[in-house]
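Novice: My request is simple: use the sequences and hints to build the entire structure.
Residue numbers (the numbering used here), protein chains in the order written: chain F, 77 to 197; chain A, 763 to 934.
Keep in mind that the hints are not guaranteed to be accurate.
[As the list claims (entries may be wrong)] Residues of chain A clear of chain F, computed beta-carbon distances all greater than 10 Å:
id : residue
1  : Tyr784
2  : Ser825
3  : Glu876
[Claimed, not checked] With a straight-line cut-off of 25 Å between C-alpha atoms, the simulated SDA-like cross-links for lysine to any residue are:
id : chain 1 : residue 1 : chain 2 : residue 2
4  : A       : Lys865    : F       : Asp136
5  : F       : Lys132    : A       : Lys934
6  : F       : Lys155    : A       : Ile778
7  : F       : Lys138    : A       : Leu774
8  : F       : Lys153    : A       : Lys853
9  : A       : Lys785    : F       : Tyr162
10 : A       : Lys912    : F       : Leu173
11 : A       : Lys766    : F       : Lys108
12 : F       : Lys132    : A       : Asp890
13 : A       : Lys865    : F       : Ile114
14 : F       : Lys153    : A       : Lys934
15 : F       : Lys108    : F       : Ser150
16 : F       : Lys137    : A       : Phe806
17 : F       : Lys155    : A       : Lys766
18 : F       : Lys138    : F       : Ile114
19 : A       : Lys766    : F       : Ala186
20 : A       : Lys916    : F       : Glu126
21 : A       : Lys815    : F       : Gln141
22 : A       : Lys912    : A       : Glu876
23 : F       : Lys132    : A       : Lys766
24 : F       : Lys190    : A       : Ile778
25 : A       : Lys930    : A       : Trp897
26 : F       : Lys153    : F       : Leu173
27 : F       : Lys190    : A       : Lys785
[To be verified] Which chain F residues face chain A? A few, computed with CB under 7 Å, are given here:
id : residue
28 : Ile114
29 : Glu126
30 : Phe127
31 : Ser130
32 : Ile134
33 : Lys155
34 : Tyr156
35 : Ile160
36 : Leu161
No wet-lab data here; the hints were simulated from the structure. Virtual Cβ for every residue (Gly too), placed ideally from N, Cα, C.
Spelled out, the chains give:
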Amino acid sequence: MKILKIIFIIFFISSFGQIKANEESLKNKITKNLRCLICQGQSVYDSDSEFANSLKIIVDKKIDQGLSEKQIYSFFKDKYGEWILYDPLFNKNTYFLWLLPLLIFLIGGAIIFKKLIRKHK
Amino acid sequence: MKNKFLPFSIALIFVIFFIIFYKGLRNTNIYTPELKTNNEIPLFSAQLFYSDKIINSAEIFNSNKFYLLNIWASWCVPCRQEHSFLMDLSKNKNVEVIGLNYKDTKINAKSFLEELGNPYKKIIFDSDGVKAIEWGAYGVPESFLIYNNKVIQKYLGPLNQESIEKIKLLIK
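Specialist: What follows is the structure, given as structure tokens:
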């Protein structure tokens, strides 16, 4: 019975730690993708400016409120515009940006494929 | 037919790329925040500076009235510069100046106001800077001209004679 109790406690503590760790890594992931708008070439994660520190607090709060990563991004996008995101979201203004590498890859592939077929003939 | 198509398409791709990059070169890469906005003001509850009362933003901002929300702090040097302009504006009956005290201590903020005067009808106390982010602010000082629960103009940095004149024209 005692062993069972100890196992339960260990399980409880370890799972609790995991939840915290997950939250922490999500916070890091989000803040690394937010541009510190008043710094030069730094993410919110890297910066220790007043602005970045406030943003970190808000990210923490939003995660606690149970908002998803996407919802948090769109919150900041509403306030500061697309520029705050390092990784632009997929929308009508950015689809060209996202699809261009894929397009180039496909065109290149098609050219190579054509040449190979011609050689075989 | 086939032989002609391939060089043509490659040339076309190059032309497209050239146009994209050429246009990109001409774009300025200096980021300038949008100053003319028509965004709804954020809804939030905040602590008042003097009374410590928790108040809803809807209780501060009524529609059909002009408000100037000014983000300030006692540790901010440019805020000292613009303070005389805010004092001047606070005498105007068409506008209510609301303060947002950013990452400050009450003792320092109070002595700042005692020294330079208090232009604010109400002051929101924002010790961790979270409320300022709700407003989409970058730092201190920053001011938002509000009408009908909408931010109609943003002022980054200290207000000066010119911007005060413009505000006075807008609120006439």
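Novice: Each hint needs a verdict: does it hold in this structure or not?
Specialist: Here's how the hints hold up against the structure:
no. : hint                : in the structure
1   : Tyr784              : holds (16 Å)
2   : Ser825              : holds (21 Å)
3   : Glu876              : holds (24 Å)
4   : A:Lys865 - F:Asp136 : holds (18 Å)
5   : F:Lys132 - A:Lys934 : violated (40 Å)
6   : F:Lys155 - A:Ile778 : violated (34 Å)
7   : F:Lys138 - A:Leu774 : violated (48 Å)
8   : F:Lys153 - A:Lys853 : violated (36 Å)
9   : A:Lys785 - F:Tyr162 : holds (21 Å)
10  : A:Lys912 - F:Leu173 : violated (33 Å)
11  : A:Lys766 - F:Lys108 : violated (48 Å)
12  : F:Lys132 - A:Asp890 : holds (11 Å)
13  : A:Lys865 - F:Ile114 : holds (17 Å)
14  : F:Lys153 - A:Lys934 : violated (33 Å)
15  : F:Lys108 - F:Ser150 : holds (15 Å)
16  : F:Lys137 - A:Phe806 : holds (14 Å)
17  : F:Lys155 - A:Lys766 : violated (51 Å)
18  : F:Lys138 - F:Ile114 : holds (22 Å)
19  : A:Lys766 - F:Ala186 : holds (16 Å)
20  : A:Lys916 - F:Glu126 : holds (20 Å)
21  : A:Lys815 - F:Gln141 : holds (24 Å)
22  : A:Lys912 - A:Glu876 : violated (31 Å)
23  : F:Lys132 - A:Lys766 : violated (57 Å)
24  : F:Lys190 - A:Ile778 : holds (22 Å)
25  : A:Lys930 - A:Trp897 : holds (22 Å)
26  : F:Lys153 - F:Leu173 : holds (18 Å)
27  : F:Lys190 - A:Lys785 : violated (32 Å)
28  : Ile114              : holds (5 Å)
29  : Glu126              : holds (6 Å)
30  : Phe127              : holds (6 Å)
31  : Ser130              : holds (3 Å)
32  : Ile134              : holds (5 Å)
33  : Lys155              : holds (4 Å)
34  : Tyr156              : holds (6 Å)
35  : Ile160              : violated (10 Å)
36  : Leu161              : violated (13 Å)
Checked against the numbered hints given earlier, the structure breaks hints 5, 6, 7, 8, 10, 11, 14, 17, 22, 23, 27, 35, 36 and satisfies all the rest.
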